[in-house]
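Colleague: In the order they appear, the protein sequences are chains A and B.
If you use the numbering used here, the first sequence corresponds to residues 1 to 20, in order.
If you use the numbering used here, the second sequence corresponds to residues 1 to 98, in order.
Treat the hints with caution; some may be incorrect.
[What the hints assert, rightly or not] Taking lysine-lysine and the DSBU-like style, the derived pairs with C-alpha atoms no more than 30 Å apart in a straight line are:
1. Lys-72/B to Lys-12/A
2. Lys-86/B to Lys-72/B
3. Lys-54/B to Lys-85/B
4. Lys-54/B to Lys-12/A
5. Lys-12/A to Lys-80/B
6. Lys-72/B to Lys-8/A
7. Lys-54/B to Lys-80/B
8. Lys-85/B to Lys-12/A
9. Lys-86/B to Lys-54/B
10. Lys-80/B to Lys-38/B
11. Lys-8/A to Lys-80/B
12. Lys-38/B to Lys-85/B
13. Lys-54/B to Lys-72/B
14. Lys-12/A to Lys-38/B
15. Lys-85/B to Lys-8/A
16. Lys-38/B to Lys-8/A
17. Lys-12/A to Lys-86/B
18. Lys-86/B to Lys-38/B
19. Lys-38/B to Lys-54/B
20. Lys-54/B to Lys-8/A
21. Lys-72/B to Lys-38/B
22. Lys-86/B to Lys-8/A
23. Lys-85/B to Lys-72/B
Since the hints were derived computationally from the structure, they do not count as laboratory data.
Now for the letters of each chain:
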Amino acid sequence: MEREEYHKPRIKSEAIEIGA
Amino acid sequence: MLSLDSYPQRSDELVWRVIDGEVVILTTDGHEIHTLNKVGRVIWELSDGTRNIKEIVSLICERFDVSFEVAKADVLDFVKQLEDKKILQIRGGDGDGN
Numbered sequence: 001m002e003r004e005e006y007h008k009p010r011i012k013s014e015a016i017e018i019g020a
Numbered sequence: 001m002l003s004l005d006s007y008p009q010r011s012d013e014l015v016w017r018v019i020d021g022e023v024v025i026l027t028t029d030g031h032e033i034h035t036l037n038k039v040g041r042v043i044w045e046l047s048d049g050t051r052n053i054k055e056i057v058s059l060i061c062e063r064f065d066v067s068f069e070v071a072k073a074d075v076l077d078f079v080k081q082l083e084d085k086k087i088l089q090i091r092g093g094d095g096d097g098n
């Protein structure tokens, strides 16, 4: 089975402003 | 210190969904939202506390076109980031969860 293209695992985090 | 023998497990203190192929995680205090890319999603879904990092790296190598050494470095770095953000817990290895 052909393997998928690899991309470095990443996390993007954003703060949520309560009451914005 | 993380090692290949560490067992990552998703925290109970959050909710998450897959949206458009990416994992979106919301902390239960509602103050932060995290988004993972595709490979991050696979690692996240495999982090159920039953597999150690070595097994996760092997599964990544089976599915994606990447060497074990590159995947190992990336997975260790990624899991450490998620542990620092308290959305993954670590058991076993040299983790403090056991």
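Colleague: Determine for every hint whether it applies to the structure shown.
Modeller: Here is what the structure says about each hint:
Under the criterion of a C-alpha separation no larger than 30 Å, the hint pairing Lys-72/B with Lys-12/A is consistent with the structure, at around 20 Å. For the suggested pair Lys-86/B and Lys-72/B, the alpha carbons sit about 21 Å apart, so the restraint of at most 30 Å is met. Taking the CA atoms of Lys-54/B and Lys-85/B, the gap is near 22 Å; set against the 30 Å cutoff, the hint holds. At most 30 Å may separate the alpha-carbon atoms for a hinted pair to count; Lys-54/B and Lys-12/A meet this at roughly 24 Å.
As the CA atoms of Lys-12/A and Lys-80/B are separated by approximately 14 Å, the hinted pair is consistent with the 30 Å bound. Taking the CA atoms of Lys-72/B and Lys-8/A, the gap is about 11 Å. The hint holds against a cut of 30 Å. Distance check on the hinted pair: Lys-54/B and Lys-80/B sit about 14 Å apart at the alpha-carbon level, within 30 Å; holds. Of the pairs offered as hints, the one joining Lys-85/B and Lys-12/A holds, with about 11 Å between alpha carbons and a cut-off of 30 Å not exceeded.
Note on Lys-86/B and Lys-54/B: the hinted pairing holds, with a Cα-Cα distance of about 21 Å set against a maximum of 30 Å. Our distance criterion of 30 Å between C-alpha atoms is met by Lys-80/B and Lys-38/B, whose separation comes to about 18 Å. With a CA separation close to 14 Å, the supplied pair Lys-8/A and Lys-80/B stays within the 30 Å bound. Taking the CA atoms of Lys-38/B and Lys-85/B, the gap is near 19 Å; set against the 30 Å cutoff, the hint holds.
Restraint check for Lys-54/B and Lys-72/B: the C-alpha separation of about 8 Å stays at or below 30 Å, so the hint holds. With a CA separation close to 12 Å, the supplied pair Lys-12/A and Lys-38/B stays within the 30 Å bound. Simply put, Lys-85/B and Lys-8/A have alpha-carbon atoms about 18 Å apart, close enough for the 30 Å limit, and the pair holds. In summary, the hint linking Lys-38/B to Lys-8/A is supported, as the alpha carbons are separated by about 9 Å, within the 30 Å threshold.
Restraint check for Lys-12/A and Lys-86/B: the C-alpha separation of about 14 Å stays at or below 30 Å, so the hint holds. Of the pairs offered as hints, the one joining Lys-86/B and Lys-38/B holds, with about 20 Å between alpha carbons and a cut-off of 30 Å not exceeded. This hinted pair checks out: Lys-38/B and Lys-54/B have alpha carbons roughly 19 Å apart, not beyond 30 Å. With a CA separation close to 17 Å, the supplied pair Lys-54/B and Lys-8/A stays within the 30 Å bound.
Only pairs whose Cα atoms come within 30 Å are accepted, and Lys-72/B paired with Lys-38/B is accepted, the gap being roughly 17 Å. Straight-line distance between C-alpha atoms of Lys-86/B and Lys-8/A comes to about 21 Å, which keeps the hinted pair within the 30 Å bound. Restraint check for Lys-85/B and Lys-72/B: satisfied, since their Cα atoms lie roughly 20 Å apart, inside the 30 Å limit.
When each numbered hint is compared with the structure, no violation occurs for any of them.
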